[in-house]
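Line order of the protein sequences matches chains Z and H. Positions 1 to 337 (the numbering used here) are the ones given, in order, by the first sequence. Positions 338 to 679 (the numbering used here) are the ones given, in order, by the second sequence.
Among the hints, a few may not be true.
Below 27 Å or equal to it, Euclidean Cα-Cα: the simulated DSS-like pairs (lysine-lysine) are [as the list claims (entries may be wrong)]:
no.	chain 1	residue 1	chain 2	residue 2
1	Z	167	Z	265
2	H	508	Z	137
3	H	679	Z	137
4	Z	265	H	626
5	Z	177	Z	137
6	Z	265	H	438
7	Z	137	H	506
Think of the hints as simulated: they come from the structure by calculation, not from any bench.
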Amino acid sequence: MGMNGGGGGGGGMGNACYVYPGAPATPGRVTPDVTFRRGIYMNGSMTMDDGNSVTIWGFTDLNAGQGQMDGMGGGSFPSPAMRVTEGQIVHTELTVGMMWMHTIHHHGIEPSTENDGVGHLSWDVTGGTYTYQWQPKHAGTYFYHCHTNTPLHAEMGMYGGLIVDPKPNPNDPVGTKRAFANGPIYDAEAIWAADEIDPAFHTLPWYAGTCGGDVGLNNLNPRYFIITGVDGASSALTHPGVAVTMPLGQTLLARYICAGFHPQKIDFGGLTVSVVASDGRPLPAAWQTQAIEAHSAERYDCIIKPTTRGTWTVTVQFLHWRTGAVMGTARTRINVT
Amino acid sequence: MERRGFLKAGTAGFASLMTGTGLLSWSPRSEAATISKTFYITAGTQTMPDGVSVYVKGFSDSAADLNIPATPIICQEGDTLQITVINRLAVTHNFVIGGLKTGDAPLASSGDIAAGGSKTITYTIPTGKAGSYLFYDNKTSYNVFLGLHGGLAIMPAGKTDELYPGSPKFKANKQLFWIFNDIDPALNRAVQQGTAIPSNFTPRYFTINGQTSLPPGAAGFDDPTRDAMANPMTKLEGIVGDRTLVRMLNAGMCSHAVHTHANHMEWLTDRGTVRPSVWKKDTLHLRNKLGKIDAIFPFEAPPDAYPPVTHGHFPMHLHDEMSQTAGGGMYLFGAMTEIIYK
């Protein structure tokens with residue numbers, strides 16, 4: 001694999017170093033079964049429960065008319081989720097203006113080098129469109145994120161959920177939802193991407209630190225703790241996109257994504273969950289637990305079937321990577337009616 | 338003050354490691370043997386990617402070397418380890434081989450090794466101790482962070498392809514260590530100058546087997562004596578089917594999330610305990626406080642490629658992305674190596 005571009009000492013794109021610009025044709029390109037078209041936004045914001053706002057970057061869904069905002073505006077946070085069925089050939093088109101560089105790495109998906117979205121082993125997309133081509137073989141929970149200056153870009157919010165559904169089982173009633181082929185059936189679903197935000201990172205330019213100099217990327221001191229783009233201080237307790245309300249008798253599949261950089265511990269408020277898969281692979285045997293310790297980018301698929309009506313508070317503790325101290329918590333709820 | 342002038346970590350230290358394939362080379366024996374090794378505790382400086390010079394110490398192969406981590410030791414159950422440690426420095430140190438599992442007593446310990454002195458430990462490895470071990474200095478809580486650490490691999494007797502008897506198999510001789518460390522130069526400076534040890538650490542440099550990655554265009558890129566992406570002791574290189582055992586040891590301050598691209602890993606042990614079943618994971622939680630993990634990188638064709646591929650270049654990096662930086666910036670100059678499908 002050739003090394004593209006090269007960086008030392010500045011290089012063309014603002015003040016960025018060690019970036020590898022490119023947007024070539026996709027090797028072996030074929031007609032896909034599904035296409036996602038992503039632009040970027042670099043001036044979004046998220047208002048926290050304390051009234052403060054932080055700048056957020058992310059990906060836009062061009063198919064949904066969200067536009068290629070580049071530096072001009074905002075978009076949804078987390079970025080629009082991708083949902084595909086195992087075996088489909090997928091195209092992820094990423095369009096980036098000439099003022100920026102980004103990639104999409106489909107975390108846990110394992111494609112060719114060219115389609116892995118790692119800038120220094122392929123290219124950082126700029127001034128055009130690159131189409132990532134991949135074919136997921138394993139159903140499960142994944143996420144996608146930018147892999148350019150990752151400590152900054154992922155912290156800024158450049159990630160979204162990625163769900164690979166199993167192929168429908170012809171013996172199942174239409175509409176049956178399974179976690180993976182021949183896996184457990186579920187009725188309700190939650191995607192909990194737990195993340196921490198250090199406002200000090202959220203004032204930096206996209207290339208911060210790439211040419212050297214101390215911009216603090218080694219030292220993430222979060223002040224806000226969120227679940228799937230919602231402040232976990234209080235809003236996530238009731239936000240309909242995060243909190244779950246379901247009737248007694250239904251089964252919930254909670255897809256927990258450790259989307260931050262520090263370790264976490266998720267506690268299900270006294271509910272025992274059945275962990276059936278992790279990182280997009282079924283476990284050999286389901287693991288019964290009331291809490292999970294995870295580290296950055298791990299995913300755990302949890303089957304939850306409450307036996308009584310009630311409300312359970314799910315708490316994510318964010319643990320300092322060195323001291324293990326609890327830096328903060330984010331909470332949501334499971335309401336069984 | 339140290340007894341001798343400063344050494345420079347780098348080429349000299351790695352020269353002895355650059356022979357052969359780079360992987361841990363191992364030939365099983367039907368008879369037990371005595372494995373003799375002498376380490377010299379030496380000190381010097383290591384230049385970080387941003388040019389900052391950091392004071393470090395190591396268990397080195399000679400008085401003129403500065404090896405971080407120490408040259409690994411591989412042996413088998415039944416062997417006798419005879420390790421002599423010569424302290425070339427002016428402060429007391431020690432040498433311990435940590436226990437197999439969390440909470441286990443050390444396998445062996447030298448006790449204090451006075452300035453200028455030496456100690457020899459002799460330890461015959463009983464059956465049941467196959468696994469991965471960190472040896473280190475625990476005279477203080479922070480000596481391990483300075484570089485005084487290395488890896489010991491104990492093979493099941495007579496085996497070439499198992500971590501423990503009956504474990505999932507890897508390809509014979511396809512095994513290596515990933516030893517992670519996190520460096521706060523304020524600590525190293527305090528040790529060097531004999532001033533108060535900081536009560537709080539903020540690491541600024543992150544290494545794998547004593548090196549950081551260096552991206553294309555950087556000085557030292559692709560130099561195996563400098564670039565963790567290119568060091569044969571560190572990078573994974575093989576063809577489809579070259580199942581490789583990775584013995585991950587955390588000598589550093591921080592918990593890490595070890596993420597491989599291209600393949601999920603088969604997770605065999607956590608902190609020395611064999612997992613109840615083998616999970617396939619693309620990200621593994623490697624705890625601090627001397628955490629360790631054994632996993633097999635299966636070198637299967639990347640499953641989600643279309644068209645299918647059997648060649649390529651991929652990273653293994655820590656997903657706690659602060660660790661991918663140096664000196665507060667410099668993304669791509671952290672604890673990362675390369676996975677190469679030849």
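> Any hints this thing doesn't respect? Which numbers, in order?
Replying inline: Violated: hint 1 alone.
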